[in-house]
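Q: Turn these sequences into a full structure, and let the hints guide you.
Protein chains in written order, with full-length UniProt numbering: chain R, 1 to 264; chain H, 1 to 258; chain D, 1 to 269.
Please keep in mind that the hints were generated in silico from the structure rather than gathered at the bench. All figures in this text were calculated on a predicted structure; none of them were measured in a lab. Warning: the hint list may mix true and false statements.
Said to hold, decoys possible - Straight line, CA to CA, 30 Å or less: simulated DSSO-like cross-link-like pairs of lysine-lysine:
id : chain 1 : residue 1 : chain 2 : residue 2
1  : R       : K10       : D       : K172
2  : H       : K72       : D       : K172
3  : H       : K68       : H       : K196
4  : H       : K196      : H       : K80
5  : H       : K229      : H       : K80
6  : R       : K133      : R       : K156
7  : H       : K196      : H       : K120
8  : R       : K261      : D       : K19
9  : H       : K80       : H       : K19
10 : D       : K19       : H       : K19
11 : H       : K229      : H       : K196
12 : H       : K210      : H       : K229
13 : H       : K68       : H       : K80
14 : H       : K179      : H       : K196
15 : H       : K68       : D       : K172
16 : H       : K120      : H       : K179
17 : R       : K156      : R       : K261
18 : D       : K172      : H       : K179
19 : H       : K210      : H       : K80
20 : H       : K196      : H       : K3
21 : H       : K80       : H       : K120
22 : H       : K80       : D       : K19
23 : H       : K179      : H       : K3
24 : R       : K10       : H       : K120
25 : R       : K10       : D       : K19
26 : H       : K3        : H       : K72
27 : R       : K10       : H       : K80
28 : H       : K80       : H       : K3
Said to hold, decoys possible - A few chain H residues that face chain D, going by a derived Cβ cut-off under 10 Å, partial list only:
id : residue
29 : R78
30 : F88
31 : G106
Note that CB positions come from ideal geometry on N, CA and C, so glycine has one too.
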Amino acid sequence: MSETRDTWQKPPFIANPVIRWAVYLGAAVYFLWVGATMPIDWARVADGLGRAGRIFGGAFPPSFERSGLLIDGFLESLKIAILATTGGVLLSIPIAFMAARNVAPLPVYYIGRFVIIVARSFHPVIVAIIFVKAVGFGPFAGVLTLIVYSIGFVAKMLAERIEEIDFGQVEAMRAAGAPFLSTMFYAIFPQIMPRQIGLTIYQLDSNLRASAVVGIVGAGGIGATLANAFGRYDYDFALAITIVIVGVILISEGVSGMIRKRIG
Amino acid sequence: MLKITDLVKRYGGGDPVLKNLDLMIEGESVVSIIGSSGAGKSTLLRCINRLVEPTSGSIELNGTELTKLRGKSLRAARRKIGMVFQGFNLVDRLTVMENVQSGRLGYISTFAAITRRYPKEDVRRAFELMERVGIAQYADTRADQLSGGERQRVGVVRALMQDPEILLADEPTASLDPKTSEQIMGLLRDLAGELKLPVLINIHNVTEAKEYTDRIVGMRYGRIIFDDKPAALDREAMDRIYSGSPHADRSEDMREAS
Amino acid sequence: MSSIAEQFGREDWTRFTPKQRWRRFAIFAACALAIAWSLSSIEVVWAWVWGAPAQMGDLFGRMYPPDTTNLAEILRILWQTVNIATFATALATLMSLPVAYLAAQNTTPNQATLWLGRLILVTSRSVNTIIWALLFVAIFGPGVVAGIVAIMFRSVGFIGKLLGEAIEEIDKRPVEALEATGASRFKVIAYAIVPQVMPTFWAVAILRWDINLRESTVLGLVGAGGIGIILQGAIDTFNWPEAATVLLAILALVIVGEVVSAFLRRRIL
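A: Printed below as a string of structure tokens:
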């Protein structure tokens, strides 16, 4: 061996040094500049510690005195979730077919995709405030909101499943001279059904979670109860509601996971 | 010199995997351990560097008793024991150089390890060894880009970077094709000679064991039942090593006991 | 199993056995009952329901054309929204590292720390960002701090859980190899575990950033900063044309966010 190298450097993640340093510098400048110019009232934030003490002091022990209100709120959330899941899933099926590239003609495909993108892009809370303004406070606005929310997820996943189906089965049905609907029922539905059931159960769970949130802007359910408790500084009741929400979410997640595993 | 005395290893409450085992390895010899699956070869090797905790007995490496070590002193002892694995056990997403330098982790500072600022002499040593086994051109390549034989060479260099006093190889060629397998065995034999290093190899392939090692230890169900020059390994010895079942062996124990 | 002769002799066929049919029927009945119960007992003024399509049409009619006079201000706050999401994601990612370390069975020091890690994850994940925001607005007062902290608190659980699972699923052989070289625990983590979870780490951080972008658009509705404040203001004053502009801006932001995160994911992984 002649001369052996005695230095080594890890090959950099971005090979081009100009781009590399630009990225590092850009990130540093971004965080420093934005961090420094954020509109933060530090004096008010510094108050926070004392306030946190008072809030948590007021929250303990959680108060379950008005458990009637709590249960009513929850039942309403559950109803909202059930109806929204039913409506959302029923609407998702045609939309998913519209948004599946292998079954829908191109213009229809674009419409289907557009509906899904819009439904997915808006946070349920934004959808909720619009519905609250349009149809008034209460659970109906919540149901409409979560229908939109369900379409965003279920239709998207279902469309992806439809795009993956084995088209040979469809061709076989067509070759046997089956009419359009029979083809759908015999060649396409059996292929998407397991996924559809799994998605429905998942979405019911998801809607139950979301219904706790949309209530905060007036769309009914336990969220409305929580927002009221916060608004009236009833922190002990708010904590009780939060604890129950967390408990129900954990149970619902467990049950939905179990059912999906058994079906899956 | 490695001296194992009365080594016992028992998993849970079951039958011991190693039964009062004695073994002595002197000088710079290449020793292979053969035996069917479940004979305890892998457990024996792992007891030496304490990846597996021995139940009782003593293991001495150049005067240091290994079985009683804990924490820092155990790590210091492990630095002196290189190990090559069947599955190579490389960190796939790191470069070959980082994998090789990971053999030095016991020596260098944490800061140097994290910032990848390896000491100059370590880098030179790494390049020398990689040159020696023919992988120097891959220093900057990610480990998962290499072929099996190349990956095992990285594994060997990593172990040698530890500056070991003994090299353990656990089925180093079992994941390789026959040709590559021969190359790796040849490499281990040659390196043992060049670096004056005792090497202990677990191996399934008896032909390779005979060709590349100076001494063969045959194990059956936790016992050493053969220990001699390769030439002495005849048909009859082979049959004794590879026949029987754990159950038959146990009933033999009972007959002896009664 | 019936005999072949029996099978040939039959001319009726049903898809399901009676037991299967009963089970299916029971499940359907349960679903139908649940829906019927919900429909009959939910507190809804049905007259409003029938009027809803007209109301919605009317609303969207009033949104057109979108009013862009305040566009500069909207874009400024939109940028603030992005900053809230980015800062909160960055901080949450850093904070989730020790939590993931504690919550992964193969790295956590002992049982107590394992449960501590899991408790942090469950608490963080089960409370929605908006609920966290309600709390932090009460603590820190309205503004971006409450928003950033709220998103952080929710994200730590999400990132920590996925990262912890990634740590539990690593290939254990390199860990064994590095332990055999006599490397300390910390160095083994740095060399054998960190490189293996890096791809998941980046993927999860990017995914969460994308989600946080959406979440940060609604923080303003409870006073925690971001574009939601303008939206709330526009809606409360029935300034529907401006609300339309804000909604379009949010739509654009979310789509750009998705494109950016898809690009980053492809670059990094």
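Q: Hints broken by the structure, by number, lowest first?
A: As far as the earlier hints go, 10, 16, 22, 23 and 25 are violated by this structure, in ascending order.
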